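This is what each chain is made of:
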Amino acid sequence: MQLRSLLITGLFFICNTSFGQQNEHSVKGTILDAQSKEQLSGATITIAELHRNTSTRLDGSFTLEHINSGTYHFQISYIGYITIDTVFAVNSNIKIYILLRNASSALSEVVIAGRKANGESEIAAKRTEQNAASVQNIISAKAIQMSPDVTVGNALQRVSGVSVERSSSGDGRYAIIRGMDQRYNNTLINGVKIASPDNKSRFIPLDIFPSDLIERIEVNKTLTPNMEADAIGGTVNMVMKNAPDALYVNASASAGFNQNVLKNGFDQFPVSAINKQSPYRANGPAYSATPQDFTRDNLNYTHKSAPVNTFATLSIGNRFFKNRLGVMLGGSYQNVYKSYNTIFSPGEFQDGGQLYIKHFNVRDYSTELTRAALNGKVDFNINDKNKIGLYAIYADLQDAQARLTTDTLILAPRTVPGTGQIWQFGRSRYQHQNIFNTTLQGQHTIVTDRLKLDWSAVYSNAMSQVPDVAEYEYDGGIYADANAPGSAPYKHPDVLMDYDRTWWKNTDRDLTGIVNLSYNNTTRNIPYTVTVGGLYRDKHRVNEYDNYELRPVPNSDGSKQTWAGIYNYKWSVFNPKGSAADYNNYRANETIGAAYAMLKFKIKRLETVAGVRMEHTAQDYMTDVDATVEGKSGEKSYQDILPSVNFKYLLNDKTNIRLSYYSAIARPSYFEIVPYNDKAGDDFVVNGNPFVKHSTSQNFDVRYEWYAKPNEQLFVGAFYKKIHDPIEYGFNFTGFQNSQIYQPNNYGDAANYGLELVYEKYIGNFGVRANYTYTHSSITTTKFTSFRKPDGTVDKMYPEQTRPLQGQAPHVANVAVLYKNNKLGLDAQVTWQYTGKRIALVSPYYEMDYWQTGMSIFDLAAEKRIAKHFSVFVKVQNLLNAKYEVYVNKPVINDVRVPYQDPASGKTLTQRSEYGQVYQAGVRYIFKK
Amino acid sequence: MKKHHFRIGLIAMIPVVMFSCKKDGENTNISKPLTIIGQSISDTILPKKDASGNSIPLKGTMLAGKTYHIMSDVTINAGDTVYVQPGVKVLIHGDGLSPETSPAIYVNGTFVSQGTKDAPNWFTIYETSTVQKSNSTYKDDAVNDPAYKGYWGGFQCGKAADLLLLRWTHVEYTGGPWGANAADYGAKPGDPRYAVYMNRASGFSKLILEDSWFFGSKDDCIGKCENTYVSIMRNTFNKLGGQGGEGVNLKSHTFGDMAYNLSYGIATNGLKTAGTDGVNTLVNIYNNTLVNCGFRQTKATRNGSINTETNTGGFIYNNIIVNCKQGLRISYQSEKGKPSDTLNTSYGHNLTCIGRGTVMGPADQYMLFIEPNQFTLKQAGDLNGYTNGVIAANGTNAGTNNPNDSLKYDPMFTNYDVAKNSIGKEYRNSVIPAGADFHLKAGSPAIGAGVYKGGTGANAMPSKPTAPVLMQYGFPMTILGAAKPTEFDAVITGPNKDLGAFPTDNSGNQHSY
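Here the protein sequences line up with chains P and R, keeping their order. Positions in the first sequence are counted from 1; adding 3 to them yields my numbering. Positions in the second sequence are counted from 1; adding 789 to them yields my numbering.
Note that these hints are calculated values from the structure, not bench results. One should not assume that every hint holds.
[Claimed, not checked] The calculated EDC-like cross-link candidates involving lysine to aspartate or glutamate, where the alpha carbons are at most 16 Å apart (straight line), are:
1. LYS1088(R) / GLU1124(R)
2. LYS977(R) / ASP503(P)
3. LYS821(R) / GLU1276(R)
4. LYS840(P) / GLU888(P)
5. LYS1242(R) / ASP1294(R)
6. LYS977(R) / ASP627(P)
7. LYS977(R) / GLU633(P)
8. LYS203(P) / ASP623(P)
9. LYS948(R) / ASP930(R)
10. LYS948(R) / GLU917(P)
11. LYS886(P) / GLU917(P)
12. LYS878(R) / ASP839(R)
13. LYS1088(R) / ASP497(P)
14. LYS635(P) / ASP973(R)
15. LYS1253(R) / ASP794(P)
16. LYS928(R) / ASP560(P)
17. LYS1088(R) / ASP501(P)
18. LYS696(P) / ASP752(P)
19. LYS696(P) / ASP643(P)
20. LYS1214(R) / ASP560(P)
21. LYS279(P) / ASP296(P)
22. LYS455(P) / ASP387(P)
23. LYS725(P) / ASP752(P)
24. LYS977(R) / ASP629(P)
25. LYS977(R) / GLU552(P)
26. LYS98(P) / GLU68(P)
27. LYS361(P) / GLU1124(R)
28. LYS573(P) / ASP930(R)
Values in this document were obtained by computation on a predicted structure and should not be read as measured data.
Only chain P is shown next, with the shape it has when bound in the complex (with noise of 0.2 Å):
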């Protein structure tokens, strides 16, 4: 290592800029990247002889004030660059301007394992952004770092044209890239795609992955052929962290809380408690269960007051062996603590399309996150020809949840507001998901300068398990007796009903081979690449499924059990043998075989890359019903083949134009395609649905970019998407009476189109990041009313609808202020994010989808350099406690007041809740050689 810092690389001027005779002179300057003349922040400057040193601000410049006439060394240093050590004389007040060479040669388009030390930085995002193949926007590990976000669910919502689905503790759990759910979205490590958790269906929950140990996300929203189809909406792609080129330590601890754990405490039951298996898979299917059985622990909760969030992370990074071997390894841990409110009151339908509410649920959640994370990367490079790289990554989360209702009836016996029947529910159920991913990559020359393999082994397997949710459930209430007229309402016993405990745990293993062979020349002065490669990847997956009904035992006497507590609670099991034969019991498999061929070359200014994609997919499943029921199991098979083109003209050194078609498709999910039956309402049955088919979709974009100046980028882009068989639920004949069930189905076509807009500007400390898209998108199906005929009956009506894709929102903005002060060592960003109206949820009943309001959400970050190696950092999330408010179109018909309801705004409020604000500080060290 410290032969490099020896070795002059950089290119550099000076010029004079004042001739006086004082004995003390300022030395200014710029620091530029040497290929794309970007400024570079954050570069360190230091002389050694004075002990003396800064580091460059926002547009790259720095300045050293009273300097002593003499001669000294110069170092000038940037993570990822190669250090300049250079000597400069200073006799006057001086301007210099150097160019630091980056470390690494240019990266490409497809994400493999070499080395790339310096990625974790904006600027090496920015650049990745513009020398891509596809349309991507970058977020790197720098800009996670000082964003207030801690999980790459979060920070994807700084992605333009990217808003996301909230888990249920208000996290971001799912991309939405520019209105296509997640559905048509996939997700990738180190560019290969990974196993999914989720027991029905494909996705990932991105909330798994602490932000941390990434290098940088990308998102991806053309294709080119080397890339897995499934994304019409695109791809997000983590990027670990890659070696560094020297010692390298990035540790930080910090600690928080939640603004409402701090008001109102948090509500604790042992995880330790819950059975892991249902008596099921503990004793075989001979056993029949007993109340013994269940534990009761795991209901009993203790109010804490305000337990105190923890975050820690470490990395660390070397060379070994002359460079030859790198290594990266990283860990992260989060325990957080999150307690909320929610109200909640569905909407039911009532014939003739009328909205009424039965039930009001006041609902008190206290979530404890666990995330702990744990990657490593090595690479070791054989000899010049031949690199071999190994990375793992395992993320766990573990979601541990109290949740208690209070759920009022509407409806009689309410008579006026204050009184009513009201259930008191305690619900825990805590989640264990994981992700383990490793990959083995090659890379070989096989002929210098023309003939280059890589290839990749991947191993990924996810898991996830609910074991035991439970929620116990009793009903009292304040309401008068109707059989003594004129009494005053009074409070009913609370008498135990009926609940379930509930075991969920499924696996998806993915074993991925992947080839791509690329040949390099150049024709007639045309440079170009001939690429071919493919991928076979084997996917295997169980779920498992138990329930178990557990029922209070009337007192002696006969009368009904009340509530005493969750140790007085007597139950019986009304179903000791379990639920084995159950749909949810099942197993399924896919294999899909890819192979594409694409040419890139560059004529002038303009480079094209074009070819074409064939994926082959077949899927199975295997349930545990009876072999009498139809659709016990099924497969089905298609094949797709994907022409795509990229063409960037490089209209100056500064602007890019950028036009690219590709073609794209959305496998339905692994449940989706199993007939099971649920009889989830008393109007309709949902069912799966083996005869859906896959989507396909054509996706034309263009987009402008404008390098202004190393740190000011403009884009401007428009998207059209036609999606061609779409997968919604809609009603569908059964053949059985003229009753219809719910189930996906595939709606002909949809159309998707919209505006992008971006734009950075840095001038000196100050740095403001902005995006806004604008996305329309529609889709017709079918819902459900009815109505009534002349001659009183009633009759069901399929009317159809026009709506936009669920998730869609018109309006998604982003703005981040930036403060850089390298004097003061202070970073600070204050950044805003708005996700316009949008359906949460379809409603199978015509007009009554849920429908989320615009969200604004302010966050604040800073972080303060302390001492050498040592900065202190604090964040805030969720500055102004947005509300999230979920209306249905509609106003309620309730007799009596239903509380938050206003009739007379045309509609009805199902949901708010107030998620609070988080606070985090902490401490980071980093250690650069």
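Let chain P serve as the given structure and place chain R on it in line with the hints.
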């Protein structure tokens, strides 16, 4: 409509002789011929197995006097018929603990159990040391009473079932859990099976339950039948539903009559109809007697006698309700249901009696004549202690129940002292007292209080010209009847001038206890 195979069998059959005729007090009884359809079923251990151990579907005739043992699930294929001659005893070997050990009879064709008053048929449990029957010491013990154990799986009628006819037949101890084929019957594994479930994929199934006894079920007895024509007449329903469940629970798209039934000690409602949005359901409910129903249901806001909700209608007349949680409810919005089809509902002349001498307080389960704030009104001819209140814009009624009207509407049963059976928590006692007789004593307010064919003035048959569909189906309906009924048609008894299932002219329910 598909031709039933059993009809072919009928051609070869000696014509059915009419039931005994009554003329001037002179009685003549001649023996009735036995019907045989298809082959005789001589094996008494069922189902028979083929060489590889698979069950052979059942068809043919179960022979009078024989005792059959059902060891595992029995299936009747679509188009096939099983005919049970009078005096057959079927013992089901089950323990109710798992689907495999709770055999069911799957009916995809036709199942006819033709018991007679003198030679009834039995479908009951095979008793062992661990599988025991209930007895009269279990008065109010939902947990331990074997009546609610659900030892076997009942009659599960599939998508193609034509007819289930149970006449003078005992069906006992049903409710064993669903297994792997639950989805075919709209259920989930682990759910309890009903004694009878019917839901045809196209057209209508026919369900005729006459003069039979349904005793002991884990959940609903006649459960959630859809797309079915029904005639449920002169039956006794007792000890049904452990801690929830209805005696008869008819769902959407059912049409027919429920009359002259005695419902005694049912967990929730004795007789209930509940449709779905946008689907019509019309069931006439008349001349039933319901006693001690609704008290084992743990969920509040469920009714406990006769209940209609979500688009159901029909003529509801001449019923007697004694010591039930609540009287008749024509539901508006309840925790479970949506508004009844009030246009196609016509009701009145129902007697509701509460036997408690005191106002029932918080510690007791109280009883209501009519639950206020639903559609139900006290109608002309009704006998109960409810005073109608203001009718709201949505049609509901906020009336009041007079707690002092205890015993005021005692129907005066021949041998069942309402006052005595109202003491303490006797209203929860599900055992029909030995020798109980629910006929009416002279002087009963229920005598002559009904609407009936030929009645005039207050007793005239109701008419509702504003509801053409209701009028078109009629009261009683004639869907399953015939002018000259064969043994495969329903024997329909029209409404009586007296209230309840046991009118003084003895034309109603023929059971004695």
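These are the hints, each one checked on the structure:
no. : hint                    : in the structure
1   : LYS1088(R) / GLU1124(R) : holds, 10 Å
2   : LYS977(R) / ASP503(P)   : holds, 13 Å
3   : LYS821(R) / GLU1276(R)  : holds, 11 Å
4   : LYS840(P) / GLU888(P)   : holds, 10 Å
5   : LYS1242(R) / ASP1294(R) : holds, 14 Å
6   : LYS977(R) / ASP627(P)   : holds, 12 Å
7   : LYS977(R) / GLU633(P)   : holds, 15 Å
8   : LYS203(P) / ASP623(P)   : holds, 14 Å
9   : LYS948(R) / ASP930(R)   : violated, 36 Å
10  : LYS948(R) / GLU917(P)   : violated, 49 Å
11  : LYS886(P) / GLU917(P)   : holds, 5 Å
12  : LYS878(R) / ASP839(R)   : violated, 24 Å
13  : LYS1088(R) / ASP497(P)  : holds, 11 Å
14  : LYS635(P) / ASP973(R)   : holds, 11 Å
15  : LYS1253(R) / ASP794(P)  : holds, 13 Å
16  : LYS928(R) / ASP560(P)   : holds, 10 Å
17  : LYS1088(R) / ASP501(P)  : holds, 9 Å
18  : LYS696(P) / ASP752(P)   : holds, 13 Å
19  : LYS696(P) / ASP643(P)   : holds, 12 Å
20  : LYS1214(R) / ASP560(P)  : holds, 8 Å
21  : LYS279(P) / ASP296(P)   : holds, 12 Å
22  : LYS455(P) / ASP387(P)   : holds, 12 Å
23  : LYS725(P) / ASP752(P)   : holds, 7 Å
24  : LYS977(R) / ASP629(P)   : holds, 12 Å
25  : LYS977(R) / GLU552(P)   : holds, 12 Å
26  : LYS98(P) / GLU68(P)     : holds, 12 Å
27  : LYS361(P) / GLU1124(R)  : holds, 7 Å
28  : LYS573(P) / ASP930(R)   : holds, 15 Å
Hint check: violations occur at hints 9, 10 and 12; the rest are consistent with the structure.
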